[in-house]
Amino acid sequence: MTPVDFGRGTLVVRTRALSLRLDTRTIVTTTVFLALAVVVLLLSLASGEAPIPLPRVVRALFGGGTAAEHMVVVDWRLPRALLAVLLGAALAVSGAIFQSLTRNPLGSPDVIGFSAGSYTGALVVIVIIGGGYYQIAAGSLAGGLTTAVLVYLLAYRRGVQGFRLIIVGIGVTAMLGAVNTWLVLTASLNEAMQAATWGAGSLNGLGHDQLWPVLTVTAVLLPVTIAFGPVMRQLELGDDAAAATGVRGGTARLALVVVGVASTALATAAAGPIAFVSLVAPQIARRITGTSGVALIPSAALGALLLGAADLAAQRLFAPSQLPVGVMTVSIGGCYFVWLLLRESNRS
Amino acid sequence: MSTAREAAAPGLVGTNARRSLWLLVCVGALVLVLLLGIAVGSKNIPLRTVVEALLHHDDSGDHIIVWQLRLPRTLLGLVTGAALGVSGALIQALTRNPLADPGILGVNAGAGFAVTLGVGFLGLSDITGYLWFSFAGAIAVTALVYALGSVGRAGATPIRLTLVGVAVGALLGGVSTGITLLRPEVFDTMRSWGAGSLAGRDGRTVLVVLPFVLAGLALALVAARPLNAIALGDDLARTLGARITRTRVAVITAVTLLAGAATAAAGPIGFVGLMVPHVVRWFVGPDQRWIIPYTIVCAPILLTVADVAGRVVLSSQELRVSVVTAFVGAPVLILLARRAKVSAL
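These protein sequence lines are chains A and B, in that order. First residue of the first sequence? That's 1 in full-length UniProt numbering, and the numbers climb one at a time after it. First residue of the second sequence? That's 1 in full-length UniProt numbering, and the numbers climb one at a time after it.
No lab work stands behind these hints, which were simulated from the structure alone. Hints are not guaranteed to be accurate.
Here are some chain A residues pointing at chain B (derived, C-beta under 8 Å) [what the hints assert, rightly or not]:
| # | residue |
| --- | --- |
| 1 | 79 |
| 2 | 104 |
| 3 | 223 |
| 4 | 227 |
| 5 | 279 |
| 6 | 342 |
Yeah, the Cβ is synthetic: ideal placement off N, Cα and C, and Gly gets one too.
Hey, can you work out the whole structure from these sequences and the hints?
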C-alpha cells in the first residue's frame with residue numbers, strides 16, 4: 001500500500017500497542033524551541049549582579065565548582081529561571097486550549113473571566129484586607145477560580161455553547177474590570193503601584209518555596225493536557241463531527257476548560273497575571289510549525305522560551321531597576337508577532 | 001464562529017414596520033433619559049424646571065446648573081455614547097469577531113500611550129491638553145495598525161487586522177505600564193485618566209469632538225450596506241459587487257474618528273462598544289442598516305443611565321461612568337445571552 005501524501009514529511013512509528021504519525025516539521029521546530037529555551041535558561045543562570053562564565057555555570061549545575069558558585073547558580077538563580085520556563089509553558093498550553101475551544105485567535109482564559117477575577121482577588125487583598133505574597137496569591141487564585149466557575153455556570157443551558165460562553169465572559173469580565181478600576185482609584189498611590197506591579201506579572205523574589213509546588217502541579221497537568229490533544233482536534237471540527245468520531249463534546253469541553261484554567265491558575269498564583277504569553281505563544285507556534293490549528297506541544301515549548309527570554313530581559317535590561325516580566329513579555333512577544341505577521345503576508 | 005442556522009436568525013423583531021416603530025420607542029426613551037440626566041444629581045431639579053430652563057433661559061440658580069453643568073455633561077454622554085456604540089458595531093461587523101471592541105485597532109492603547117508620553121515627558125496637566133494628545137495618539141496608532149495589517153497582496157483581512165491590532169495595542173500598553181511603574185507621579189495621573197468620566201468637561205469639549213463624531217456616524221451609515229455583503233465573506237461580497245478595500249478603509253476611518261473622539265473627550269470607557277451592538281443584533285437581526293441606527297440611539301441610553309446611576313448610588317462621592325457602565329449593562333447582556341435564540345455574527 002502506498003502511503004498517503006499529506007504534502008508534509010511525516011514520521012510513522014508503529015509498535016504493537018501504539019501507532020503514531022508525527023509531523024517532521026513540528027518535531028524539528030519544537031526541538032529548536034526547547035534547545036533555545038535551554039540556552040536562555042543557561043544564560044539567565046550566568047548573568048546577574050555577579051556574572052559567572054557559562055562553563056562554570058554548567059559545572060556548578062552538576063555539583064562541581066566552588067561553594068559560592070553553587071549557591072548563586074543552584075540556590076539563587078535556578079529556581080527563578082526554571083519557574084519562568086515552566087510557567088511560560090503552562091500559560092501557552094492554556095492559551096492553546098482556549099483558542100481551540102472558542103475557535104477564536106483571541107481566545108484565552110480571559111474569555112471566561114479568569115484574569116479579571118484573579119486581579120480582583122489580588123486587589124481586594126492588597127487594598128482592603130492587606131497581606132503579603134501568600135495572601136495575595138491565595139486571593140488571586142480564589143478570585144480567578146470563582147469567576148471561571150461563575151461564568152461557566154451562567155453560560156450553562158443544556159450544555160455550554162462556545163458563543164454563549166464568550167458573551168457571558170465579556171459581561172462578567174467587564175463588571176470585574178469596573179470593580180478593579182474603582183479599587184485602583186480608591187487605593188493609596190503605594191498600594192495602587194503594588195497592585196499594578198502584581199497585575200503586570202512579575203517573577204521578582206520567587207525562589208525554592210514557589211518552585212516545588214509549581215513543579216508538582218506541572219508534572220500532573222502536562223501529561224493530562226497532552227493526552228487531550230487529539231480530542232481537541234476533533235472538537236475543532238464541530239460537536240456533531242466530534243460526536244461521530246466518538247468524542248463526547250460536553251465532557252471533553254469541561255475537561256479541557258478545567259485543565260486550561262488550572263494551568264493559568266498555577267501561573268497566576270505564582271507570578272500574577274502575565275499577560276500575552278497565552279495569547280501569542282500558540283499563534284507564533286502555529287505560524288512557525290505551519291500547522292492548520294493551534295497545537296499544544298509546540299505552543300508549550302515556545303511559551304517556555306518566550307517567558308524565559310522575557311524574564312532574562314526584565315532582569316538585565318534596566319538593571320538595577322527590575323521591571324515586571326509582564327511588561328517585557330508584551331514587548332518581546334508583541335514585536336516578534338507583528339514581524340511574523342508581516343513576513344507571512346509578504347510571502348502569500 | 002457561527003453556524004448558518006444561527007446567522008439566519010432574524011432577531012426578535014421580524015418586520016421592518018415593527019423595527020421602525022421600536023426605533024421610535026427607543027428615541028422616546030433616549031429623550032426621557034437625557035432629561036433625567038439633566039435633572040438628577042447632588043441637587044435634584046424638577047423636570048418642569050429643566051424644560052423651562054431649556055426653553056426660556058434666565059439667571060436663576062437652577063437654570064445656571066442646567067446650562068453650565070448638566071447640559072454639557074449630558075450632551076457629552078449623548079455624543080460619546082453614540083460614537084462608542086457605533087464604532088463597536090462597525091468593528092464587530094468588519095472583523096466578524098464578537099470579541100472585537102474599538103480598542104482592538106489600538107485606539108485606547110494609542111490614546112493612553114500618547115497621554116502617558118505627554119504627562120511623563122512634556123508635563124501635560126489639563127483636560128484640553130489630554131484631548132488633543134489622545135486623539136492624535138488614537139489616529140496615529142490605528143493608521144499604523146491598518147498599515148501593518150494591510151501589507152501584502154491579501155490586504156487587510158479581518159483576522160490579520162485583529163491580530164496586529166492586539167499585538168500593537170499590547171506592545172504600547174506594556175511600554176506605558178513600564179513608564180508609569182518607573183515614575184510614580186505619572187502613574188498617579190494615568191490611573192485617573194484611565195477611568196473614563198463625563199464629569200468636569202465644559203461645553204467646548206462637546207463642540208470640539210462633535211464634527212468628528214458626526215463625520216464618523218455619516219460614514220457608518222453609508223458603509224452599512226456593503227458591510228452586510230462583507231458579512232458573507234470576502235469572496236461572496238466581491239461577487240455581489242461590494243468594494244471590499246474601499247469599505248474597509250471607510251469603516252476603519254469611521255471607527256478611528258468615533259472611538260478616538262470619544263476617548264479623547266471622556267477617557268477610556270469600555271463595554272459600551274462591545275455590548276450595545278450585541279444586544280441590538282439580537283433585537284433587530286443581522287442587518288447593519290438597522291443595527292447602526294439602533295446603536296446610535298441605544299448606546300447613549302446605556303451611557304447616560306450609567307452616568308446618572310453613578311451620581312446617586314453613593315451619597316458621599318460620584319462613581320465614574322466607566323465604572324458604572326458595566327454594572328448597568330452586563331446583567332442585561334448575560335440575561336439575553338441565556339435566551340435560547342441568539343443570533344451570532
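Going through the hints against the structure:
no.: 1; hint: 79; in the structure: violated, 24 Å
no.: 2; hint: 104; in the structure: holds, 6 Å
no.: 3; hint: 223; in the structure: violated, 31 Å
no.: 4; hint: 227; in the structure: violated, 28 Å
no.: 5; hint: 279; in the structure: holds, 7 Å
no.: 6; hint: 342; in the structure: holds, 5 Å
This entry does not satisfy hints 1, 3, 4, going by the numbered hints stated previously.
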